[in-house]
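**Q** These are the residues of each chain, in order.
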Amino acid sequence: MTQTDVVASVKPKRGRIKCVVWDLDNTLWDGTLLEDSAVRVRPEVVEEIKRLDALGVLHSVASRNDHDAAMARLKVEGLDEYFLYPQINWNPKSQSVERIAKELNIGLDAIAFVDDQPFELEEVAHALPAVKTVDTARIATELASEEFQPRFVTDESRVRRDLYRAAVVRDQAELDYTGTNEAFLSTLDMTFTISRAKREDLQRAEELTVRTNQLNSTGRTYSYDELDALRTSPDHLLLVASLTDKYGGYGKIGLALVERGQPAWHLRMMLMSCRVMARGVGTVLLNHVMRLAKADGARLRADFVETGRNRVMYVTYAFAGFSEISRDDNRLVLESGLDQIQPPPAYLKVNVE
Amino acid sequence: MSNDARTQIRTFITTKFPDVTFSDEEDIFALGFVNSLFAMELVMFIEKAFGTRIPNEELHLGNFRSVALMADLVARQTSAAVG
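Sequence order for the protein chains is A and B. Counting from 1, position 22 in the first sequence corresponds to residue 22 in this note's numbering; the numbering is continuous, with no gaps. Counting from 1, position 42 in the second sequence corresponds to residue 1042 in this note's numbering; the numbering is continuous, with no gaps.
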């Protein structure tokens, strides 16, 4: 491997790790649980878990152990609530890591796997090369690296684990529900709130532009300062959307930037977090902007950049009645005459602040 | 082909909405039970079931309003692929 290959393949990217997956025996605690039920939890590891948790980095477990015994031990230590989708079974750890990534809906390159056994580290590295593997002996230095330092620490970072824990309960309810998807959604008591972005929303707004890929109309990222300028610009509207249901909040999940004008308003950017992809709320923010433009006697245009990952967003616009009016390679402008605007779905309450 | 496509599309919709009855020509969006999420599922279903990728210019609501219109869309895509 040449020097450039090394640089390209292991290029550290600030904050790329969104979840740390922990081994238990001789990593989280000293000893082997099956041989010694009184294993001693390592305080320096717990400290790292709590530190990263406060920054919004998630945690999970991949351990070959007896599931019930290991969970009971974690509960006694008050640590069970830190771990999302813990995988405690006898399967290869690469399978466990893959499952966690799928459940959390994050990429394998956003996962770090910590273990003391060279065999386990190599098995995961071989099967899932995108995962960052960390030897337990090196956590003090590795976990301090910038890959583990989120680019943004917002109000939402601190409660991210709670958002995911609510999602676990909600997902289970969905699995247990025997009716149609539509009927399930109507059991959730969802409220979708749209408001003008306030200063305290901007960090999360910036984060959304960086983290959102699939439901993103342009893929363009905006900095805090850019967003702050746009928020206070008289020609622009910067809207944030949030969603709650009976299980709790989903947080701030949508963002739209509109430039007012005549004969058309121009939607410069719209995105929706993948957290709410399955909630059928994708068009609610768009419909709101359509109604505002219509009330102003304008048409509505929208910038769209085909990124290869955002086709869902294209369909959202197309089915809302937008069509292409110009195209330059992968950069499109879509337009709607606003003759037809869909009402919000019946299972959802829309609240405009 | 067209009848087969109609059957498959109808089956897909009635699995999701077992309580609704509608004809092949009826506007399922006007019946009010199709939300944006289901619209996306329809696109995904058609592309997967009929092994086609619907081009952007065909991706508009008009092509998805009824079982018959969706089957026509499928017929256009599959004949385009062969021709």
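Treat the hints with care, since some could be wrong.
Said to hold, decoys possible - Derived contacts from chain A toward chain B, CB cut-off under 7 angstroms, selection only:
| no. | residue |
| --- | --- |
| 1 | Thr180 |
| 2 | Val305 |
| 3 | Gly308 |
| 4 | Val315 |
| 5 | Ala318 |
| 6 | Phe319 |
What the hints assert, rightly or not - Restricting the straight-line Cα-Cα distance to at most 27 angstroms, the calculated cross-link-like pairs of lysine-lysine (DSSO-like) are:
| no. | chain 1 | residue 1 | chain 2 | residue 2 |
| --- | --- | --- | --- | --- |
| 7 | A | Lys102 | A | Lys18 |
| 8 | A | Lys246 | B | Lys1016 |
| 9 | A | Lys50 | A | Lys18 |
| 10 | A | Lys102 | B | Lys1016 |
| 11 | B | Lys1016 | B | Lys1048 |
| 12 | B | Lys1016 | A | Lys349 |
| 13 | A | Lys102 | A | Lys75 |
| 14 | A | Lys75 | A | Lys246 |
| 15 | A | Lys13 | A | Lys50 |
| 16 | A | Lys50 | A | Lys102 |
| 17 | A | Lys18 | B | Lys1048 |
| 18 | A | Lys349 | A | Lys246 |
Honestly, the hints are just simulated from the structure, not real lab data. Predicted, not measured: the structure shown is a model, and the values here were computed from it. Glycine residues also receive a C-beta, built at the ideal position from the N, C-alpha and C atoms.
**Q** Indicate, hint by hint, whether the structure satisfies it.
**A** A quick look at each hint next to the structure:
1. Thr180: Check passed: Cβ of Thr180 of chain A comes within 6 angstroms of chain B, closer than 7 angstroms.
2. Val305: Since the shortest Cβ distance to chain B is 13 angstroms, the answer is violated.
3. Gly308: For Gly308 of chain A, the interface hint is violated, since the closest Cβ of chain B sits about 13 angstroms away, which is over 7 angstroms.
4. Val315: Because about 6 angstroms separates Val315 of chain A from the closest Cβ in chain B, which is inside the 7 angstroms limit, the hint holds.
5. Ala318: Nearest chain B Cβ about 4 angstroms off; hint holds.
6. Phe319: holds, 5 angstroms
7. A:Lys102 x A:Lys18: Holds. Lys102 of chain A to Lys18 of chain A sits at ~13 angstroms (cutoff 27 angstroms).
8. A:Lys246 x B:Lys1016: It holds: about 24 angstroms lies between the C-alpha atoms, which stays within 27 angstroms.
9. A:Lys50 x A:Lys18: Given that 27 angstroms is the threshold and the Cα spacing comes to 14 angstroms, the pair holds.
10. A:Lys102 x B:Lys1016: holds, 24 angstroms
11. B:Lys1016 x B:Lys1048: Measuring from Cα to Cα gives roughly 17 angstroms; hence the hint holds.
12. B:Lys1016 x A:Lys349: holds, 23 angstroms
13. A:Lys102 x A:Lys75: holds, 25 angstroms
14. A:Lys75 x A:Lys246: This hinted pair holds, its Cα atoms lying about 26 angstroms apart.
15. A:Lys13 x A:Lys50: Satisfied, since the Cα-Cα distance of roughly 22 angstroms is no more than 27 angstroms.
16. A:Lys50 x A:Lys102: This hinted pair holds, its Cα atoms lying about 23 angstroms apart.
17. A:Lys18 x B:Lys1048: violated, 32 angstroms
18. A:Lys349 x A:Lys246: Within the cut-off at roughly 13 angstroms; holds.
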